[in-house]
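*Asks:* Sequence:
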Amino acid sequence: MERSRRTRRLALLLVIVVVAGVAVFALTRPSTAVADPDRLLAQAEQAQEAAGCEAVEDVGPYQPEDRDQVHVDPANLPALSTYASKPPASGPHSQITARAAVYDSPPAIDRVLHSLEHGAVVVWHAPDASEEELEPLRAFFDGEHGDRVIVAPYDYPDQGEAGSLPADTRMALVAWHYVQLCAEVNLPAAFEFTSSYGAPTYEDRAYLGNAPEAGIPF
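77 is the number that the numbering used here gives to position 77 of the sequence shown; each next residue is one higher, with no gaps.
Read the hints as simulated data drawn from the structure, not as lab findings.
Simulated restraints on C-beta separations:
| # | residue 1 | residue 2 | range |
| --- | --- | --- | --- |
| 1 | Gly215 | Ala50 | 28 to 34 Å |
| 2 | Asp142 | Glu203 | 18 to 24 Å |
| 3 | Ala75 | Gly160 | 15 to 21 Å |
| 4 | Arg67 | Tyr103 | 23 to 29 Å |
| 5 | Glu45 | Glu213 | 26 to 32 Å |
| 6 | Val72 | Asp36 | 37 to 43 Å |
C-beta: ideal position from N, C-alpha, C; glycine also.
Based on the sequences and whatever the hints tell you, model everything.
*Replies:* Printed below as a string of structure tokens:
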């Protein structure tokens with residue numbers, strides 16, 4: 001009888017250990033849930049304020065303006081300091097586009113600019129952004145809501161100051177001629193921008209951008 005009681009206690013203890021282990025795993029594993037887009041848009045105004053986002057700015061064309069859409073060999077790309085904004089939102093660029101994707105390292109910026117010309121939008125983030133900051137962006141834009149979106153670190157040290165995000169900026173949202181700077185990485189704020197400045201837009205949202213070749217595949 002004593003042996004039977006010990007067996008039951010050991011079995012109960014084993015069950016408790018297994019249940020506790022499962023609970024810890026469930027609580028600590030990274031979330032793979034994709035955020036609901038409509039809920040993100042409903043949160044956007046408050047999220048923009050919380051993330052320290054400035055108003056969207058029309059930064060205008062590259063100067064001289066007749067070079068705003070010109071194709072150049074990557075070896076002859078002008079210095080980023082000559083572009084109208086940081087990060088750049090138009091100007092001389094490669095004949096090749098950058099595909100919509102979530103990048104772990106900085107993509108060729110001359111290709112990114114060509115994608116902007118086609119109505120892409122870019123969510124640039126600080127290169128030292130943590131996994132916690134980036135996971136919501138990656139989970140959301142790596143799926144159906146990222147077909148016109150490039151998510152990438154902005155880090156081009158060979159370009160001096162122009163190769164880094166502005167001071168106190170951890171996320172920069174860029175479309176052709178439009179830039180919005182945010183002090184923090186924030187998914188609702190990012191989607192608010194990409195859903196209206198990317199072409200085509202999310203569902204029936206009005207297109208707020210002016211990409212000259214908006215909607216063309218890239």
